[in-house]
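S.K.: With the hints as your guide, set chain B with the ligand onto chain A.
Read off the chains here:
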Amino acid sequence: MRITCPHCGERDRREFYYQGDAVALARPAPDAGAQAWDDYLHNRDNPAGDTQDLWFHEAGCGAWIVVTRNTVTHAVADTKLAAMVKR
Amino acid sequence: MTEVTLDRIMSAAPFAGLTKPASAALKEQIGLGLSAPGRAISNRRARVIWAGQRMWLVAADVALDGLAAVTDQSDAWAILRIEGPGVVDVLARLVPIDLRADHFKGGHTARTMLGHMSVGITRVGAQAFEVMAMRSMAATLVHELQSAAENVAAR
Ligand SMILES: [Zn+2]
Chain A
1 MRITCPHCGE RDRREFYYQG DAVALARPAP DAGAQAWDDY LHNRDNPAGD TQDLWFHEAG
61 CGAWIVVTRN TVTHAVADTK LAAMVKR
Chain B
1 MTEVTLDRIM SAAPFAGLTK PASAALKEQI GLGLSAPGRA ISNRRARVIW AGQRMWLVAA
61 DVALDGLAAV TDQSDAWAIL RIEGPGVVDV LARLVPIDLR ADHFKGGHTA RTMLGHMSVG
121 ITRVGAQAFE VMAMRSMAAT LVHELQSAAE NVAAR
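Order-wise, the sequence lines are chains A and B. Per our numbering, the first sequence runs over residues 1 to 87. Per our numbering, the second sequence runs over residues 1 to 155.
So here's chain A without its partners, still in its complex pose:
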């Protein structure tokens, strides 16, 4: 598996650390309520199809990257710097 880092270009998967669902980019407001916070902390979809993850270019430039990939075909559709994604 190869991931295209927006800074470094296409790199081997072993340079990256997998963090998990990109839900961390949609942090609820402090007063959003218990349900929203429960969802944010504990509940994740398990889609057959496109999903967004956060990957860390640990052995590269140190950027957090939002990777859109397909869990069925394993195709990576898009990569963006997390720093550039609107929160």
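FYI, nobody ran anything at the bench for these hints, they're computed from the structure. For every residue, glycine included, the Cβ atom is placed at its ideal position computed from N, Cα and C. Heads up, a few of these hints could be off.
Said to hold, decoys possible - Derived SDA-like pairs (lysine to any residue); straight-line CA-CA distance at most 20 angstroms:
hint, chain 1, residue 1, chain 2, residue 2
1, A, LYS80, B, LYS105
2, B, LYS20, B, THR71
3, B, LYS105, A, ALA83
4, A, LYS80, A, ASP53
5, B, LYS105, B, GLY86
6, B, LYS105, B, VAL124
7, A, LYS80, B, GLY38
8, A, LYS80, A, ARG14
9, A, LYS80, A, LEU41
10, A, LYS80, B, SER11
11, B, LYS105, A, GLU10
12, B, LYS105, B, PRO37
13, A, LYS80, B, ALA36
14, A, LYS80, B, VAL124
15, A, LYS80, A, GLY20
16, B, LYS20, A, ALA83
17, B, LYS27, B, GLU3
18, A, LYS80, B, LYS27
19, B, LYS27, B, ALA46
20, A, LYS80, B, ALA16
21, B, LYS27, B, GLY38
22, B, LYS20, B, ILE41
23, B, LYS20, A, MET84
24, B, LYS20, B, GLU3
Unchecked claim - What follows is a list of derived Cβ distance ranges for each label pair:
hint, chain 1, residue 1, chain 2, residue 2, range
25, A, ASP21, B, ALA16, 42 to 48 angstroms
26, A, GLY33, B, ASP65, 41 to 47 angstroms
27, B, ASP65, A, PRO30, 41 to 47 angstroms
28, A, TYR17, B, ASN151, 25 to 31 angstroms
29, B, ASN151, A, ARG44, 42 to 48 angstroms
30, A, ASN43, B, GLY31, 50 to 56 angstroms
M.R.: Only chain B with the ligand this time, still in chain A's reference frame:
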């Protein structure tokens, strides 16, 4: 394979939104601004090596007060120059990126891995590279490169 010693290595990490003014201030001090991602630049006085997202290593004494976080890392890095006709074949055994000359040209630099180590690699000549690693990994770096070179030579 020879050790490269730089008298000063300062890391410069511009504060949010201040990359351009930090680059301009740097240019005034040493004649070089902040290089593009994946690029290393130099003049007779100094060198600027891109070292990651919003991070550069500057081989010179610089002050960027209010513009960037600057940290003296002079003793933190071990740098080896590796040179010769088989240098790309040797590095190809250890590094997961394509360092051949048509792809990785003079002045190109990359943060990547050498074996299990995080390193910075810069092409400094047609058959020469500099590899930077954390100083605590210096012996491992030498060992890895030496073994790979011996294995290439034995083919
Ligand atoms: Zn990167």
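S.K.: Which constraints among the numbered hints does this structure fail? Numbers only, ascending.
M.R.: Result: hints 1, 3, 9, 10, 14, 17, 18, 24, 25 and 27 break, sorted rising.
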